[in-house]
Every structure is written in structure tokens, then in C-alpha cells.
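> With the hints as constraints, model all of the structure from the sequences given.
According to our numbering, the sequence shown is numbered sequentially starting from 1036.
Watch out, some of these pointers could steer you wrong.
[Unchecked claim] Label pairs and their computed distance ranges (CB to CB): (1) LEU1195 to ASP1122: 52 to 62 Å; (2) ASP1057 to ARG1213: 34 to 44 Å; (3) VAL1180 to ARG1146: 36 to 46 Å; (4) THR1364 to PRO1320: 18 to 28 Å; (5) LEU1195 to SER1223: 17 to 27 Å; (6) SER1349 to GLU1090: 27 to 37 Å; (7) GLY1217 to ASP1267: 38 to 48 Å; (8) SER1349 to PRO1239: 23 to 33 Å; (9) ARG1243 to THR1212: 30 to 40 Å; (10) PRO1113 to GLY1178: 26 to 36 Å; (11) ARG1200 to THR1088: 43 to 53 Å; (12) ALA1097 to LYS1163: 41 to 51 Å; (13) ASP1317 to LEU1221: 50 to 60 Å.
[To be verified] Once the Cα atoms are required to be at most 20 Å apart in a straight line, the calculated SDA-like pairs of lysine to any residue come out as: (14) LYS1163 to VAL1245; (15) LYS1163 to PRO1239; (16) LYS1163 to SER1196; (17) LYS1040 to THR1075; (18) LYS1040 to ARG1079; (19) LYS1163 to ARG1237.
Bear in mind the hints are in silico, worked out from the structure with no lab data behind them. Just so it is clear, CB atoms sit at the ideal spot from N, CA and C, and this is done for glycine as well.
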Amino acid sequence: MPGPKLTLNLPWIAGEPEEIGDLVVHRGRENLLSYDDGITLDVRIVDPVRSSTVESLLDEIARQQGAGRVVLVAGAVPVEWRGRLRDGAASFIDASGVAEIEWPRLRVRARRFGTTTQRRTTAVPLQKSHALVAQELLIVASGGVQLTIGGIAEGAGVSLSSASRTVSQLAGHGLVTRHRHGREVLVSVVDPVQLAEHLAQRTPWGRREVVWGYLWGRNHLDVAARLSARADAAEFEVAITGRTGATFLGVLGTASPSAVRCWVNARPSLSALQIADALDLDEVPKADANVGVAVDAWRVGVHRAELATLDEWSAKVAHPVRVWCDLHTEQRGSEFAAQVWGAISHAW
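What follows is the structure in C-alpha cells.
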């Protein structure tokens, strides 16, 4: 007999069904638990990133409890909190693959859930201005702002026709919807998880021209600050991304990343090596490098980058949507990405 089914609208849950014991889990547009006898419960997602202590997380779980629903802690669940969650019979799924669920008529556990499935998604070409438009759609939607074709074109810095073509393409894949309101065409992002995943797959950091080098600094934050200052002096657009970018956004790890990753948009005639030379990076083998510079020909990396400060260091940091996209190719990147996602998805 088929077991209960759990549908979750989370970017790190595989689109193809997976099993945790008797429970079948897959990604969808709603958070629902469906039993084989037809009973369906609403699943309230609680993001651990928004709780400063395990006590406040447990309080939030209690507030979300109610008739006709169950509560699930989902995201980057600190290891030291998990014992308290077990003691409180709180269910959780961690982005690393650890899952412990205890709900009515259901008790399952897994240690490597969702870590081996290869995601299969319908191809959505996102080249040049199309990628910028898709990223702008996610950025504006995450802020809870009404989307219009004209506003998206202006925000992305592309022509109205380019924005319109991209939105039409995304609408054809069911990722956005359009409707006319007076003289404006309003756009709604139907599936931000799927759109974000496509953007991450099509425009990852390091997919195109990258150069590695060495820049002395006391730590990765100091390196990022020095790199950002040198780019400004060279009149290059720069955006620190990946794990270092996540650190500036408040997502901290127990160890520093091996290299500071950044996007640089410079004069079109300059190669990656010329950009590295202008930034005065020492030429070293990749294994010895502490800086990776990706040439940002499409401006997806530097788009809406802002100055961020942490302790004594300041650097130009990529937008959180872009940092989330770029984290997936780094070691333990999915865990950091889950925390960044919690910070950008509140309006969805």
C-alpha cells in the first residue's frame, strides 16, 4: 500500500519522489502531508535561521501548532540543537540530509536523505539579459514588491522587449504568470524555488572564465575587503559571493572558505588575466590560491551588489539571491545556501 506523502516547497528537496522509511517526500508548490486514507494536513515550515536560540525555536514551534496541521523545522539545523528538538518531539529536516520526523501515525529517520538524487528539471535557457531579468524577478519578488514588465526592465537595466521576451519564456514554463492591468503588464512569480534553481544551474559562479590568485590578508574577510578596494581603485564593478559573501550576510561557518570568490565586471576588452593583473593578484597555482575571480560578462554577479560591513571589514557583496545561487559549488555549500534562502524567502 502507498505510504503517506510529504510535499515541500524547498529548493534543496528533490523534484523526484524519495523515501524516508514509509514516507514519500518530493518538492511541490505547497507544504502538505497526505495520508493514504485521504486525510491531508497543512505543514508549517519553521526556519531555524530566524531563531537565535533553540529555546526561541521551540517557542516558535509551539506557536505554529494547531488543528489540521503539523510543524516541520527545515533548513540548516545546528547539530547542538537536535537533541533538544528530539526531546521535544519536534520534527526536522536538515539541508545536509539528516531527517527526523515524528507526527501522528508517522515516525521516520534518515541520515543521508536527499544527498544522492540528481535533480532533473526542464531546461530553461537563461543567456545574457534573460538571466538578468530572471534574477531581477526573484530579487523584487522576495521584497514583496508588485512586479511589472517596465519595472523589471528598468531594474535589470535591459530593454523593455528583452524583459518581455524573458517573461514570456518563463511563463511558457509555468514559472511566472502575466495579466494586464490598465496600461501595465503585471507579473507574478508562481514558483520561486524552481526559478531560483534554474538560475543557479544556468549561471553558476565559475562556469565561464575564472582566474585564481593570491592576495595577502589576515583572514578571508580581510582579503575580501582588500580585493573590493582594489577593484574600486581600478574602476571595476566587483561583488564578493559564495561562502565569503554569505559570511558578510551573517551566515557564519566553523571554518573559513579556502578562497574568496568574486565576480568582476570590467572593460570588455580585458581578459581574466588582465583583470587579475589590474587587481595586483600574485600568480599562484589554483591549489595555493586564496582568491578566485570570475569574469562577469552578463552582470548577473554584480547586479544589485551592495557594500556590507562585518566587524572592521567592508566589501562590496553580491545580492543574497546571487550568493545563494553561487554557494552550491562550494564545500558544504548546500548547508550555507539553506540559511541564505531563509533570509530571502520571507515574502514568498
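> I want to verify a distance hint. Is the separation of the beta carbons of SER1349 and GLU1090 within 27 to 37 Å?
holds (33 Å)
> Can the restraint linking LYS1040 and THR1075 be considered satisfied, given a maximum Cα separation of 20 Å?
holds (9 Å)
> Note whether the CB distance of ALA1097 and LYS1163 lies within 41 to 51 Å or breaks it.
At roughly 49 Å between Cβ atoms, LYS1163 and ALA1097 fall inside 41 to 51 Å, so the hint holds.
> Please check whether THR1364 and PRO1320 have a Cβ separation lying inside 18 to 28 Å.
holds (19 Å)
> Is the gap between the beta carbons of ASP1057 and ARG1213 within 34 to 44 Å?
For ARG1213 against ASP1057, whose Cβ atoms are near 42 Å apart, the range 34 to 44 Å holds.
> Is 23 to 33 Å right for how far apart the beta carbons of SER1349 and PRO1239 are?
holds (26 Å)
> Between LEU1195 and SER1223, does the C-beta distance stay in 17 to 27 Å?
Check passed, 19 Å falls within 17 to 27 Å.
> At the C-beta level, are ARG1243 and THR1212 separated by a distance inside 30 to 40 Å?
Check passed, 32 Å falls within 30 to 40 Å.
> CB of ASP1317 to CB of LEU1221, is that within 50 to 60 Å?
holds (51 Å)
> Does PRO1239 lie within 20 Å of LYS1163 when you go C-alpha to C-alpha?
Holds: LYS1163 and PRO1239 sit about 13 Å apart, inside 20 Å.
> Checking one constraint from the list: CA of LYS1163 to CA of ARG1237, max 20 Å. Satisfied?
holds (11 Å)
> Using the beta carbons of GLY1217 and ASP1267, state whether their distance is inside 38 to 48 Å or not.
Because 42 Å falls inside the window, the suggested range holds.
Going down the numbered hints, you'll see the structure goes against none, and every one checks out.
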